Amino acid sequence: MIELLIKRAAWAVLVLFVVVSSVFFLANYIGDPASAILGAQATPAQREQYRRAHGLDRPLSEQYVKYLIGVAHGDLGKSLKDEQPVVEVLLQRLPRTALLGSMALFFELCIGLGFGIFAAVRRNTWVDTTVMSAAFVGVCLPSFVTGPFFLREIAFRLGWFPVGGYGRDALDHVYHAVLPALTLAIIGAATYARVMRSEMIEMLRADFVRTARAKGATATAVVLRHAARNALLPIVTMLGLSLPLIVTGAIITEKIYDWPGVGRLAIESIDALDLPMILGIVLLASMTVQVGNFLADISVAALDPRIRANAKS
Amino acid sequence: MRSIRRSDARGVALGLCLLCAFCALAACGDPRSGPRWRGAHDDAEQTPRRGGTFVFHHESDVRGFDPAVSFDELSTMGIRLLFDCLLDYDYEMNLVPSLAEALPEISEDGKTFTFRLRHGVRFHNGRELTADDVRWSLERMLNPDLASPGVEYFARLDGMADFATKRTAHVRGIVVVDRYTVRFTLTQPDQTFLNAIAMPFAAPVPRENYGPDDEEVSRHPVGTGPFTLEDWEPGIRVTFRRNPRYWQPGKPYVDQMLFELNLQRETAFMRFIAGDLDHVHRLTPADRMFLAQSRAWAPYREEHIKADLWGLELNTGMEPFSNVHLRRAVAFVVDRERWSLARNRALAPLGQALPIGFAGYDAHLPGSQTRDLARAREEMRLAGHPDGLADPVTLWIGEGATGKMYGELAQANLAEIGIRVELKPVSFPIYLRETGKPRTAQMVFGGWNQDFPDPATFFDPLFHSRSAKDTDSSNRSFYKNPELDALLDQARAERDRTRRTALYREANQIVTRDAPWAFLFSNIMVEAWQPYVRNYRVHPVWSNAFRDVWLDLPRRRIAQRYAPHAGTPAALMPFGGAR
Numbered sequence: 002m003i004e005l006l007i008k009r010a011a012w013a014v015l016v017l018f019v020v021v022s023s024v025f026f027l028a029n030y031i032g033d034p035a036s037a038i039l040g041a042q043a044t045p046a047q048r049e050q051y052r053r054a055h056g057l058d059r060p061l062s063e064q065y066v067k068y069l070i071g072v073a074h075g076d077l078g079k080s081l082k083d084e085q086p087v088v089e090v091l092l093q094r095l096p097r098t099a100l101l102g103s104m105a106l107f108f109e110l111c112i113g114l115g116f117g118i119f120a121a122v123r124r125n126t127w128v129d130t131t132v133m134s135a136a137f138v139g140v141c142l143p144s145f146v147t148g149p150f151f152l153r154e155i156a157f158r159l160g161w162f163p164v165g166g167y168g169r170d171a172l173d174h175v176y177h178a179v180l181p182a183l184t185l186a187i188i189g190a191a192t193y194a195r196v197m198r199s200e201m202i203e204m205l206r207a208d209f210v211r212t213a214r215a216k217g218a219t220a221t222a223v224v225l226r227h228a229a230r231n232a233l234l235p236i237v238t239m240l241g242l243s244l245p246l247i248v249t250g251a252i253i254t255e256k257i258y259d260w261p262g263v264g265r266l267a268i269e270s271i272d273a274l275d276l277p278m279i280l281g282i283v284l285l286a287s288m289t290v291q292v293g294n295f296l297a298d299i300s301v302a303a304l305d306p307r308i309r310a311n312a313k314s
Numbered sequence: 022m023r024s025i026r027r028s029d030a031r032g033v034a035l036g037l038c039l040l041c042a043f044c045a046l047a048a049c050g051d052p053r054s055g056p057r058w059r060g061a062h063d064d065a066e067q068t069p070r071r072g073g074t075f076v077f078h079h080e081s082d083v084r085g086f087d088p089a090v091s092f093d094e095l096s097t098m099g100i101r102l103l104f105d106c107l108l109d110y111d112y113e114m115n116l117v118p119s120l121a122e123a124l125p126e127i128s129e130d131g132k133t134f135t136f137r138l139r140h141g142v143r144f145h146n147g148r149e150l151t152a153d154d155v156r157w158s159l160e161r162m163l164n165p166d167l168a169s170p171g172v173e174y175f176a177r178l179d180g181m182a183d184f185a186t187k188r189t190a191h192v193r194g195i196v197v198v199d200r201y202t203v204r205f206t207l208t209q210p211d212q213t214f215l216n217a218i219a220m221p222f223a224a225p226v227p228r229e230n231y232g233p234d235d236e237e238v239s240r241h242p243v244g245t246g247p248f249t250l251e252d253w254e255p256g257i258r259v260t261f262r263r264n265p266r267y268w269q270p271g272k273p274y275v276d277q278m279l280f281e282l283n284l285q286r287e288t289a290f291m292r293f294i295a296g297d298l299d300h301v302h303r304l305t306p307a308d309r310m311f312l313a314q315s316r317a318w319a320p321y322r323e324e325h326i327k328a329d330l331w332g333l334e335l336n337t338g339m340e341p342f343s344n345v346h347l348r349r350a351v352a353f354v355v356d357r358e359r360w361s362l363a364r365n366r367a368l369a370p371l372g373q374a375l376p377i378g379f380a381g382y383d384a385h386l387p388g389s390q391t392r393d394l395a396r397a398r399e400e401m402r403l404a405g406h407p408d409g410l411a412d413p414v415t416l417w418i419g420e421g422a423t424g425k426m427y428g429e430l431a432q433a434n435l436a437e438i439g440i441r442v443e444l445k446p447v448s449f450p451i452y453l454r455e456t457g458k459p460r461t462a463q464m465v466f467g468g469w470n471q472d473f474p475d476p477a478t479f480f481d482p483l484f485h486s487r488s489a490k491d492t493d494s495s496n497r498s499f500y501k502n503p504e505l506d507a508l509l510d511q512a513r514a515e516r517d518r519t520r521r522t523a524l525y526r527e528a529n530q531i532v533t534r535d536a537p538w539a540f541l542f543s544n545i546m547v548e549a550w551q552p553y554v555r556n557y558r559v560h561p562v563w564s565n566a567f568r569d570v571w572l573d574l575p576r577r578r579i580a581q582r583y584a585p586h587a588g589t590p591a592a593l594m595p596f597g598g599a600r
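For the protein sequence lines, the chains are W and Z, in the order given.
Add 1 to the 1-based position in the first sequence for the numbering used here, that's all there is to it.
Add 21 to the 1-based position in the second sequence for the numbering used here, that's all there is to it.
What the hints contain is simulated information worked out from the structure, not anything from laboratory work.
Don't take each hint at face value.
Straight-line alpha carbon distances no greater than 35 Å define the calculated DSBU-like cross-link-like pairs of lysine-lysine that follow [as the list claims (entries may be wrong)]:
no. : chain 1 : residue 1 : chain 2 : residue 2
1   : Z       : Lys-327   : Z       : Lys-187
2   : Z       : Lys-490   : Z       : Lys-458
3   : Z       : Lys-501   : W       : Lys-79
4   : Z       : Lys-445   : Z       : Lys-327
5   : Z       : Lys-327   : Z       : Lys-272
6   : W       : Lys-67    : Z       : Lys-272
7   : Z       : Lys-490   : Z       : Lys-501
8   : W       : Lys-8     : W       : Lys-67
9   : W       : Lys-79    : Z       : Lys-187
10  : Z       : Lys-327   : Z       : Lys-490
11  : W       : Lys-67    : Z       : Lys-458
12  : Z       : Lys-501   : Z       : Lys-425
13  : W       : Lys-79    : Z       : Lys-458
14  : Z       : Lys-490   : Z       : Lys-425
15  : Z       : Lys-490   : Z       : Lys-187
Listed next, the stretches of chain Z that the computed footprint assigns to chain W, with coverage defined by at least 3 CB atoms under 8 Å from CB atoms of chain W [said to hold, decoys possible]:
no. : segment
16  : 81 to 94
17  : 149 to 159
18  : 273 to 280
19  : 293 to 303
Just so you know, these numbers come straight off a predicted model, no measurement behind them.
Just so it is clear, CB atoms sit at the ideal spot from N, CA and C, and this is done for glycine as well.
Assemble the whole structure, with the sequences as input and the hints as a guide.
Right, dumping it as structure tokens:
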């Protein structure tokens, strides 16, 4: 286990290094932050002064080494745009994206698993067809279609939810997050529903379910306690893989709803060619991907004794 | 088999029914046709009321609130709430005293400006403002270490060269006469120095809060303005709080201002209609049309022409536009009406070098550039190309849909006189870098905003030969005309306003005739505000000048509106719940 951990950590560091390095050089190739930030009417002298003040006039290699040393010390530099420390801004944005992401995940599971089980139990009836066609449509609906639609119809026209934004206190944040979380959840829920349905159909045919029925367990108990529990295994794997979503979130959805999370920060920073901020976000994103994958592996191993046994032998 | 098929059909039918029901539900609701909340006294009570929170927004992000370095529309919106300058502008673009007691005394030769400060003005930290602060703040901004973009506006101050190379500790041209008097001396007479003094760069700041070690001065601004900075969540929201020590008695009227950042245009407008925002600007074409047609909103919106200048910059330093007749042909063939139509009339067609309404603008300027196909063809003949150009011309445009649309309009217009146009869309930084080099871009679609309300703000950077440089040229048509240069230098020094305007009118005529630009349009801006927002007018210099607004709302509603969200969420009372 420890050996695995160390191996994984070493790989993670290597991946982070490659990602950060390539983004660093790519972003520097794209354009000049001084022009992007100072705008059209800045004079050459102004741009020169800006470059000097922010160390952008140094050779690229020197900037790169300086940045890496900073990262090693946990210092991601300051935003070029508004001089705020990158770590501070990320820490401020992270909980918001996490709130949105976890609510989305919650909706995904509730809707997806619920409908999946329902469809499996009533398979080949009109209920099943309706749910599965809805799921099919859901998988096909990108958030840039559902997002503006919900915003305009449910929030603006009907007035049931606030029109974007973040709100002022805890309850208000949750209230503001409902629509964006739903928008995010639709695709995931549809996927979960399809997977859950096919797993459930498999399980309901299994011997142990028949045994349970024969023992006289109620229909509900058979479905929920025996079949559904065993059908959850692939869902757990999927869950681990979707963990990074909670952190790096939903760039498009956050933008549509003006949700001040990491995703919106990413768009704003790229617009401004705010290199330190872009690098910070990339670092955060690749770190969560690593952690998510790792957690998925571990939890599957923990849940399924067969995999554990295979890993040992 | 049969049963499955039937159930399929039923499922699909049910799904379709649900879909139809939802669409019908969505379609039947009427978008709010008028303002949600009106003022408490609709017959426009004129006595300002204290209190309340005013919420405004912008679609992009604030960079900082250090007046000495921040130089963008957005930061200026905040800086104008936090800082005062010696001079300010009224709604007719006239300079008026602010922290200065009166307009300065100007010496006979036009080089010395003496300002007397108002007594008893206090910084947010409680200390009184003195002449020494004025000098210290300016020198802080001019210090080469700060790298302020404002330095160029003060380049004519006496002793700037020595100060910039750190040979002197002070700028010779800034003298503190006594506690409340400060005197500026220039090397050459320059009337635009007064405009420079009115720019936020020259805003006095207290030295005890702006020490060299205070790294985060742009996050903790201290000035003399009507508001103080309470909180700043980067990229999200800035909170301003009323300054109780403000030197204008009774002002400001509102207790708090919220500046929401990075809102998308569509969402911002919906939030405005829903009553979450008190002011809205920068609308999408659709929202703009809605506002223009809405009778209920008519009293609470204003359309105004922005002081900016857009056109095709024709590179006079390279083929083919070194030929003046070709340039004029372009100027006469572009169909400004059609451009305006293409943008839903959000553009004001323009055929000269100054925006409509600007000092020196002349509605009846002789030789102003208008659409005249016969004349364009005649100019082509004079240029020696009666059948058009053999080679295509490259037009540099910004990336994105709008730039592309302008490019296509230019293509269509110029095709009429046989000039083929190839578009070159590039990202903004590259656009800036490349078009600022001589002999690189034949034709550029570009624009310029005013820095201050004086014709010099357009003529000097765009058409003076001094501004045509080897890199980062702001004169991107590389137009060089000694006659114009002399005229511009003379106008800058001229103290008599009528004569100045006459000089600029002459300059305007030269530039319009020589056509280094085919002038196209100024943007038309639309703003709207809630009915209870009083004392707000569009300011011709400062965008979104909110310092003096007051809210005509019953106190209870003000409190209700901005209390942390409490009680039942509106979702539980869908129809008619108060937000």
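Status of each hint after checking the structure:
A hinted pair counts as satisfied when its Cα atoms are at most 35 Å apart, and Lys-327/Z with Lys-187/Z does not qualify at roughly 40 Å. Under the criterion of a C-alpha separation no larger than 35 Å, the hint pairing Lys-490/Z with Lys-458/Z is consistent with the structure, at around 7 Å. The hinted pair formed by Lys-501/Z and Lys-79/W fails the criterion: a straight-line CA distance of about 42 Å is larger than 35 Å. With a CA separation close to 27 Å, the supplied pair Lys-445/Z and Lys-327/Z stays within the 35 Å bound.
Restraint check for Lys-327/Z and Lys-272/Z: satisfied, since their Cα atoms lie roughly 28 Å apart, inside the 35 Å limit. In summary, the hint linking Lys-67/W to Lys-272/Z is not supported, as the alpha carbons are separated by about 49 Å, beyond the 35 Å threshold. For the hint pairing Lys-490/Z with Lys-501/Z, the CA-to-CA distance comes to about 11 Å; that is within 35 Å, so the pair holds. Proximity of Lys-8/W to Lys-67/W is assessed by CA-CA distance (about 27 Å); at most 35 Å being required, the pair is judged to hold.
The straight-line distance between the Cα atoms of Lys-79/W and Lys-187/Z is roughly 28 Å, inside the 35 Å bound, and the hint therefore holds. Restraint check for Lys-327/Z and Lys-490/Z: satisfied, since their Cα atoms lie roughly 28 Å apart, inside the 35 Å limit. A C-alpha spacing of about 32 Å is found between Lys-67/W and Lys-458/Z, which places the hinted pair at or below 35 Å, so the restraint holds. For the hint pairing Lys-501/Z with Lys-425/Z, the CA-to-CA distance comes to about 30 Å; that is within 35 Å, so the pair holds.
With a C-alpha separation of about 32 Å, the suggested pair Lys-79/W and Lys-458/Z falls inside the 35 Å cut-off, and the hint holds. For the suggested pair Lys-490/Z and Lys-425/Z, the alpha carbons sit about 28 Å apart, so the restraint of at most 35 Å is met. At most 35 Å may separate the alpha-carbon atoms for a hinted pair to count; Lys-490/Z and Lys-187/Z meet this at roughly 26 Å. Chain W is given as covering the segment 81 to 94 of chain Z, and this holds because 7 residues of the stretch bring a CB closer than 8 Å to a CB of that chain, at least three being needed.
With 0 residues having a Cβ less than 8 Å from any Cβ of chain W, the segment 149 to 159 of chain Z misses the three-residue criterion, and the hint is violated. For the segment 273 to 280 of chain Z, the stated coverage by chain W is violated: 0 residues have a C-beta nearer than 8 Å to a C-beta of that chain, whereas at least 3 were required. With 3 residues having a Cβ less than 8 Å from any Cβ of chain W, the segment 293 to 303 of chain Z passes the three-residue criterion, so the hint holds.
Going through the hint list in order, the structure does not satisfy hints 1, 3, 6, 17 and 18.
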